[in-house]
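Spelled out, the chains give:
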Amino acid sequence: MKISKPPDVLVAMGLGSCIGVALYDPVTKVGGMLHVLLPAADAMDKDAKRTKFANPGIYDFVEAMVKAGARKTNLVAKIAGGASLLNNSAQVGQRNAEECIKVLDELKIRIESKDVGGESGRTVYFDTATGQMTVSTLAKGKKTI
Amino acid sequence: MSGNSEHMDTMQADILREIANIGAGHASTALSMMLETTIEQTIPEVSLVALGDMMDLLGGAERVVVGVSVTVSGDIEGYLIMLLDVERAKEMVNAIRNQPPELDENGEIFSYLDRSALKETLNIMAGSYLTAIAQLTNLDGVPSPPSIAVDMLGAILSQPLAAAGESSDYVLYFKSGLFGRTIESGSGSDKFAGDLLLVPNKKSYQTLLDSLGCG
Chain A
0 MKISKPPDVL VAMGLGSCIG VALYDPVTKV GGMLHVLLPA ADAMDKDAKR TKFANPGIYD
60 FVEAMVKAGA RKTNLVAKIA GGASLLNNSA QVGQRNAEEC IKVLDELKIR IESKDVGGES
120 GRTVYFDTAT GQMTVSTLAK GKKTI
Chain B
0 MSGNSEHMDT MQADILREIA NIGAGHASTA LSMMLETTIE QTIPEVSLVA LGDMMDLLGG
60 AERVVVGVSV TVSGDIEGYL IMLLDVERAK EMVNAIRNQP PELDENGEIF SYLDRSALKE
120 TLNIMAGSYL TAIAQLTNLD GVPSPPSIAV DMLGAILSQP LAAAGESSDY VLYFKSGLFG
180 RTIESGSGSD KFAGDLLLVP NKKSYQTLLD SLGCG
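Protein chains in written order, with numbering that gives the first Met the number 0: chain A, 0 to 144; chain B, 0 to 214.
Note that these hints are calculated values from the structure, not bench results.
These numbers were taken from a predicted model, which means no experiment stands behind them.
Please note: incorrect hints may appear among the correct ones.
Below, computed lysine-lysine pairings styled on DSBU-like, alpha-carbon distance capped at 35 Å [unchecked claim]:
no., chain 1, residue 1, chain 2, residue 2
1, A, LYS142, B, LYS89
2, B, LYS202, A, LYS139
3, B, LYS202, A, LYS48
4, A, LYS142, A, LYS1
5, A, LYS139, B, LYS89
6, B, LYS174, A, LYS141
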């Protein structure tokens, strides 16, 4: 989890089944990105790192954003990732995306745009000055969401 | 090695390294027979690293690689993955099919048959690797059919890491470098072929240690 302010651009490199969740307060320009590895922390060790899970990671992420000066009611989200590269896996990517969407919905945070699923890895840039997310894949180059 | 420990003692590391050595040794022999060339392996690295550090140790999350992977189920659960730089994968295809890789109809670097050849390579190596471990430990690990992707390293490893990271913030991996003698020119210089990674889930590496009386 990284939280910052303009002019910083936050990066999550080489996302496969992982998800880059960006939260942004367009008023205060506080922006952050969380790298989600797994959906929900059912089988986790008691002292495992919470932020690798969509749940409870996103809850912690929102708290940290508020501490950094964002207003919770201003927050909007953009998410990218959740691909399935190797077909012999347990659909982690899809479950990650579903859980992220569910948690953001529970927190009443609007998802402005998303780029999830597919079979390509993504590198994700989040610009705290504009709130724009740029998604880069090997096959299709860059696009802004 | 209990709980969330990020350390393993020297004895445990030695034993795990020996398991990797024997597994990868059999796998490289299988590869060597298939390619009719000499394949040498490096001394395996056995590392227990924080999830976030693994990509850096393998060349960075954005390094473009050909990744072929099988899931392993049975007494040992996890992933066995072959990572090749794109150029090395092309050489391997050339060595197996006696013709350079072809673009497929979608403009992908490798055709269906090229991909199939690379998958079959790992299939054979995985069988040898896991059989060798089974003979040593009496633990069976059954490989799934392989799948292949050409993409960023981080993207290829994220599912195996997710599986390993489900119950731990640390991931144990066995890495063996495999070197082939120059395939086409026969000049005798070593060429880097690729890495073979075994990423057992946490439960399984405890099982591996227990089986050798070293839990």
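*Index of numbered hints that the structure contradicts, given in increasing order*: 2
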